[in-house]
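Colleague: Just so you know, the protein sequences line up as chains A and B, in that order.
Quick note: the first sequence, position 12, residue 1308 per my numbering, numbers continuous.
Quick note: the second sequence, position 15, residue 21 per my numbering, numbers continuous.
There could be a bad hint or two in this list.
[Claimed, not checked] The list that follows gives simulated cross-link-like pairs (lysine-lysine, DSSO-like), each with its CA atoms no further than 30 Å apart: (1) B:Lys123 to A:Lys1431; (2) B:Lys136 to A:Lys1298; (3) B:Lys14 to B:Lys123; (4) B:Lys136 to B:Lys46; (5) A:Lys1431 to B:Lys14; (6) A:Lys1431 to B:Lys21; (7) B:Lys28 to B:Lys123; (8) A:Lys1431 to B:Lys136; (9) B:Lys28 to A:Lys1298; (10) A:Lys1298 to B:Lys46; (11) A:Lys1431 to B:Lys28; (12) A:Lys1298 to B:Lys14; (13) B:Lys28 to A:Lys1436; (14) B:Lys21 to A:Lys1298; (15) B:Lys28 to B:Lys106; (16) A:Lys1436 to B:Lys14; (17) B:Lys136 to B:Lys123; (18) A:Lys1436 to B:Lys106; (19) B:Lys123 to A:Lys1298; (20) B:Lys21 to B:Lys46; (21) B:Lys28 to B:Lys46; (22) A:Lys1436 to B:Lys21; (23) B:Lys123 to B:Lys21; (24) A:Lys1431 to A:Lys1298; (25) A:Lys1431 to B:Lys106; (26) B:Lys14 to B:Lys136; (27) B:Lys106 to B:Lys123; (28) A:Lys1436 to B:Lys123; (29) B:Lys28 to B:Lys14; (30) B:Lys21 to B:Lys106; (31) B:Lys123 to B:Lys46; (32) A:Lys1436 to A:Lys1298.
[As the list claims (entries may be wrong)] Derived DEER-like restraints, expressed as beta-carbon distance ranges: (33) B:Asp44 to A:Ser1417: 41 to 47 Å; (34) A:Glu1346 to B:Ala57: 31 to 37 Å; (35) B:Lys123 to A:Ile1434: 39 to 45 Å; (36) B:Arg71 to A:Thr1437: 39 to 45 Å.
[Claimed, not checked] Chain A regions said to be covered by chain B (calculated; three or more residues, Cβ under 8 Å): (37) 1298-1306; (38) 1366-1378; (39) 1427-1439.
Don't read these hints as lab results, they were simulated from the structure.
Since the model is a prediction, treat every value here as computed from it, not as a measurement.
Every residue, glycine too, gets a C-beta built ideally from N, C-alpha and C.
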Amino acid sequence: MKLSDVFSVNGSAMNAQMLRMEIIGTNIANVNTTRTPEGGPYRRREVLFESSPVNSDGFAGALGRASGTVGVGVRVSRVIEDSSPLMLRFEPQHPDAGADGYVRYPNVNVVAEMVNLVEASRSYDANISVIQATKNMIAKTFEIGRS
Amino acid sequence: MDILNLDKRVDPLQKELDIRVKRNQLIASNVANVDTPDYKARDLDFSQIMAAEVGKLSLKQTDDRHMPIAPGEGGIPTQESVATGRPDGNNVQMEEEMLKLAQNNIEYNVLVQFVSKYLAGVRRSIESIK
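Looking at chain A on its own, in the form it has when it is part of the complex:
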C-alpha cells in the first residue's frame, strides 16, 4: 500500500481509455469503408475492459493480493468486432454493389461513436484528477517534520 501505486492504477485506466478512443477514431474514419484487406466492408470495433491487479509480480504482488491491499487497474481484454447487421444502401453504380444493387456499408453509427468518445474522454479526465490529488498528497507528505 503506497501512494504511488495509484499511478499504475490510474495509468492503466488512462491507457485503456486511450485505446478505446483510438478504436472509436478507427470506427469513425472507416464509416464509409466498403473494402478491407480481410474482404468485405469494415465492421465496427469495440474494446472490452476488465479489471486487473497492478504490481502483481513477485513477492510484493502475492502479499498484496493475499492481504487485499493491491490496487485494481484496468486493461483491455479484447477488441471485438460488432456483428450487428451492416447498413444497406441502394447504389447499383458502386463497384462494391452486390448483385441486388445494394452496397453493404459498415455498421458504424457516427452519433453513437461520438457519445462513446465523450464518455471515454470524461473517464480519462477523471483519472487525471485522481492522479493530481495523489500528487498533492505525496507533496504534502514531504512537509512532515518541516517546521
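Keeping the supplied structure of chain A fixed, place chain B upon it in accordance with the hints.
Modeller: Chain B only, in chain A's frame:
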C-alpha cells in the same frame, strides 16, 4: 524511556494517515474501473474499523493460549458497495468518488498538519533546554 510520548502521540496519527492512503487507493481503483463491466465500487468499512478500535480496548486474554488480537495489523477492512448500478453490473458513481477524493485529500492534509505541529512542538522543547 519515551519522555516525549512520541509513540503514543504519533502512532495514532500515523494510522489515520495509513487509512487515508488506503482510501485514496480504493477511490483510484473505483475511478479507474468506472467503465469495467461487473466491477463493484469498494470503500473502507468504517463500522469494522471502529469495531476493531473498540475491541482493542476491551478484549482481554482470559487464557494464556489465547492469541492476542491486534486490530489493524491484518490490513484495513474494506467492503463492496451495495448500491444498485448500471445494467452492466458496475456500480461506481463518479460524483461520489470525486467528492470522496476531495474529502480524503483534505483530511490527509489536516493530519499532516497535526503531525508537523506536534513534531515542531517537540523540537521547540528540545531547543529550549540548550
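Colleague: A separate judgement is required for each hint: does it hold in the structure or not?
Modeller: Structure-based check of each hint:
1. Among the hinted pairs, B:Lys123 with A:Lys1431 is consistent with the structure: their alpha-carbon atoms are about 22 Å apart, no more than 30 Å.
2. Distance restraint check for B:Lys136 and A:Lys1298: the Cα-Cα separation of roughly 39 Å exceeds the 30 Å cut-off, and the hinted pair is therefore not satisfied.
3. With a C-alpha separation of about 15 Å, the suggested pair B:Lys14 and B:Lys123 falls inside the 30 Å cut-off, and the hint holds.
4. Proposed proximity of B:Lys136 and B:Lys46 is contradicted: the alpha carbons are some 57 Å apart, above 30 Å.
5. Under the criterion of a C-alpha separation no larger than 30 Å, the hint pairing A:Lys1431 with B:Lys14 is consistent with the structure, at around 29 Å.
6. Of the supplied pair hints, the one linking A:Lys1431 and B:Lys21 holds, its CA atoms being roughly 20 Å apart against a limit of 30 Å.
7. Proposed proximity of B:Lys28 and B:Lys123 is supported: the alpha carbons are some 23 Å apart, at most 30 Å.
8. With a C-alpha separation of about 38 Å, the suggested pair A:Lys1431 and B:Lys136 falls outside the 30 Å cut-off, and the hint is violated.
9. Taking the CA atoms of B:Lys28 and A:Lys1298, the gap is near 8 Å; set against the 30 Å cutoff, the hint holds.
10. For the hint pairing A:Lys1298 with B:Lys46, the CA-to-CA distance comes to about 22 Å; that is within 30 Å, so the pair holds.
11. As the CA atoms of A:Lys1431 and B:Lys28 are separated by approximately 15 Å, the hinted pair is consistent with the 30 Å bound.
12. For the hint pairing A:Lys1298 with B:Lys14, the CA-to-CA distance comes to about 24 Å; that is within 30 Å, so the pair holds.
13. Using a Cα cut-off of 30 Å, the hinted pair B:Lys28 and A:Lys1436 holds, with the two alpha carbons roughly 16 Å apart.
14. With a C-alpha separation of about 14 Å, the suggested pair B:Lys21 and A:Lys1298 falls inside the 30 Å cut-off, and the hint holds.
15. Proposed proximity of B:Lys28 and B:Lys106 is supported: the alpha carbons are some 12 Å apart, at most 30 Å.
16. Between A:Lys1436 and B:Lys14, the direct Cα distance comes to roughly 23 Å. Compliance with the 30 Å bound is thereby established for this hinted pair.
17. As the CA atoms of B:Lys136 and B:Lys123 are separated by approximately 21 Å, the hinted pair is consistent with the 30 Å bound.
18. With a C-alpha separation of about 18 Å, the suggested pairing of A:Lys1436 with B:Lys106 holds against the 30 Å cut-off.
19. As the CA atoms of B:Lys123 and A:Lys1298 are separated by approximately 24 Å, the hinted pair is consistent with the 30 Å bound.
20. This hinted pair checks out: B:Lys21 and B:Lys46 have alpha carbons roughly 26 Å apart, not beyond 30 Å.
21. Between B:Lys28 and B:Lys46 the alpha-carbon distance is near 17 Å, which keeps this suggested pair within the 30 Å criterion.
22. Between A:Lys1436 and B:Lys21, the direct Cα distance comes to roughly 16 Å. Compliance with the 30 Å bound is thereby established for this hinted pair.
23. The hinted pair formed by B:Lys123 and B:Lys21 meets the criterion: a straight-line CA distance of about 17 Å does not exceed 30 Å.
24. Distance check on the hinted pair: A:Lys1431 and A:Lys1298 sit about 12 Å apart at the alpha-carbon level, within 30 Å; holds.
25. Of the supplied pair hints, the one linking A:Lys1431 and B:Lys106 holds, its CA atoms being roughly 16 Å apart against a limit of 30 Å.
26. Pair hint B:Lys14 plus B:Lys136 holds up; C-alpha atoms about 25 Å apart against a cutoff of 30 Å.
27. Proposed proximity of B:Lys106 and B:Lys123 is supported: the alpha carbons are some 26 Å apart, at most 30 Å.
28. For the hint pairing A:Lys1436 with B:Lys123, the CA-to-CA distance comes to about 14 Å; that is within 30 Å, so the pair holds.
29. For the proposed pair B:Lys28 and B:Lys14, the alpha carbon gap of about 22 Å is at most 30 Å, so the pair holds.
30. Note on B:Lys21 and B:Lys106: the hinted pairing holds, with a Cα-Cα distance of about 19 Å set against a maximum of 30 Å.
31. Proposed proximity of B:Lys123 and B:Lys46 is contradicted: the alpha carbons are some 39 Å apart, above 30 Å.
32. Our distance criterion of 30 Å between C-alpha atoms is met by A:Lys1436 and A:Lys1298, whose separation comes to about 14 Å.
33. The beta-carbon spacing between B:Asp44 and A:Ser1417, approximately 23 Å, falls outside the hinted interval of 41 to 47 Å.
34. Taking 31 to 37 Å as the suggested C-beta distance range, the pair A:Glu1346 and B:Ala57 conforms, at roughly 34 Å.
35. A hinted range of 39 to 45 Å is violated for the C-beta pair B:Lys123 and A:Ile1434, which are about 20 Å apart.
36. Checked against the given bound of 39 to 45 Å, the beta carbons of B:Arg71 and A:Thr1437, roughly 42 Å apart, stay inside it.
37. Only when three residues or more bring their CB closer than 8 Å to a CB of chain B does the claim for the segment 1298-1306 of chain A stand; here the count is 6, and the claim holds.
38. With 4 residues having a Cβ less than 8 Å from any Cβ of chain B, the segment 1366-1378 of chain A passes the three-residue criterion, so the hint holds.
39. Here the segment 1427-1439 of chain A counts 7 residues with a CB under 8 Å from a CB of chain B, which clears the bar of 3, and the coverage holds.
Of the hints listed earlier, those the structure fails to meet are numbers 2, 4, 8, 31, 33 and 35, in rising order.
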